[in-house]
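Visitor: Just so you know, we're using our numbering here: the sequence shown kicks off at 30 and counts up by one.
Among the clues, some could well be false.
In silico DSS-like cross-links for lysine-lysine, where the CA-CA straight-line distance does not exceed 27 Å [as the list claims (entries may be wrong)]:
hint	residue 1	residue 2
1	103	44
2	130	92
3	127	92
4	143	124
Okay, the calculated beta carbon distance ranges per label pair [stated by the list, open to error]:
hint	residue 1	residue 2	range
5	92	42	16 to 22 Å
6	30	140	15 to 21 Å
7	107	54	15 to 21 Å
If you are wondering where the hints come from, they were derived from the structure by calculation, not from laboratory data. Glycine residues also receive a C-beta, built at the ideal position from the N, C-alpha and C atoms.
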Amino acid sequence: MVREIMKDTTFLSQKAEPATLEDISVAKDLLETLEAQRDGCVGMAANMIGVNKRIIAFDNEGKYMVMFNPEIIKKSDPYQIQEGCLSLPGTREAKRWKSIKVQYQTETFQTRFKTFTGWTAQIIQHEIDHCEGVLI
30 MVREIMKDTT FLSQKAEPAT LEDISVAKDL LETLEAQRDG CVGMAANMIG
80 VNKRIIAFDN EGKYMVMFNP EIIKKSDPYQ IQEGCLSLPG TREAKRWKSI
130 KVQYQTETFQ TRFKTFTGWT AQIIQHEIDH CEGVLI
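Use the sequences and the hints to build the structure in full.
Guide: Pasting the structure below:
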């Protein structure tokens, strides 16, 4: 189900709760909402659709990917960038890393580790910030 984009900064500022198997339907809604917003959006976190769970969905080089409970465990090569967000007006300065290693869980809650670079890494960092309650 395509959901409305959350714009309440008090809600968006909360740190997300860990995702569980019961949250699979949230991930489906997140993907459908991301697909509906594809013209102006490349990634979303569950709190952007009003669910305070640690789930992100993003464009991974042309194919959508979902991560449950993502954590950045390694990062290198910092840089500054201006970013926008569907949940907030305008753009903001953000510190990002050119390369990140992420620990996450799949839809079957198997733990995985993967390194991302460039644009995809930037998207993931933005969405993990949402999970941390960081307003970008």
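Visitor: Work down the list of hints and note, for each, if the structure agrees.
Guide: Now the hints, each set against the structure:
{"no.": "1", "hint": "103 <-> 44", "verdict": "holds (21 Å)"}
{"no.": "2", "hint": "130 <-> 92", "verdict": "holds (19 Å)"}
{"no.": "3", "hint": "127 <-> 92", "verdict": "holds (20 Å)"}
{"no.": "4", "hint": "143 <-> 124", "verdict": "holds (21 Å)"}
{"no.": "5", "hint": "92 <-> 42: 16 to 22 Å", "verdict": "violated (31 Å)"}
{"no.": "6", "hint": "30 <-> 140: 15 to 21 Å", "verdict": "violated (28 Å)"}
{"no.": "7", "hint": "107 <-> 54: 15 to 21 Å", "verdict": "violated (36 Å)"}
In this structure, the hints that do not hold are numbers 5, 6, 7, in rising order.
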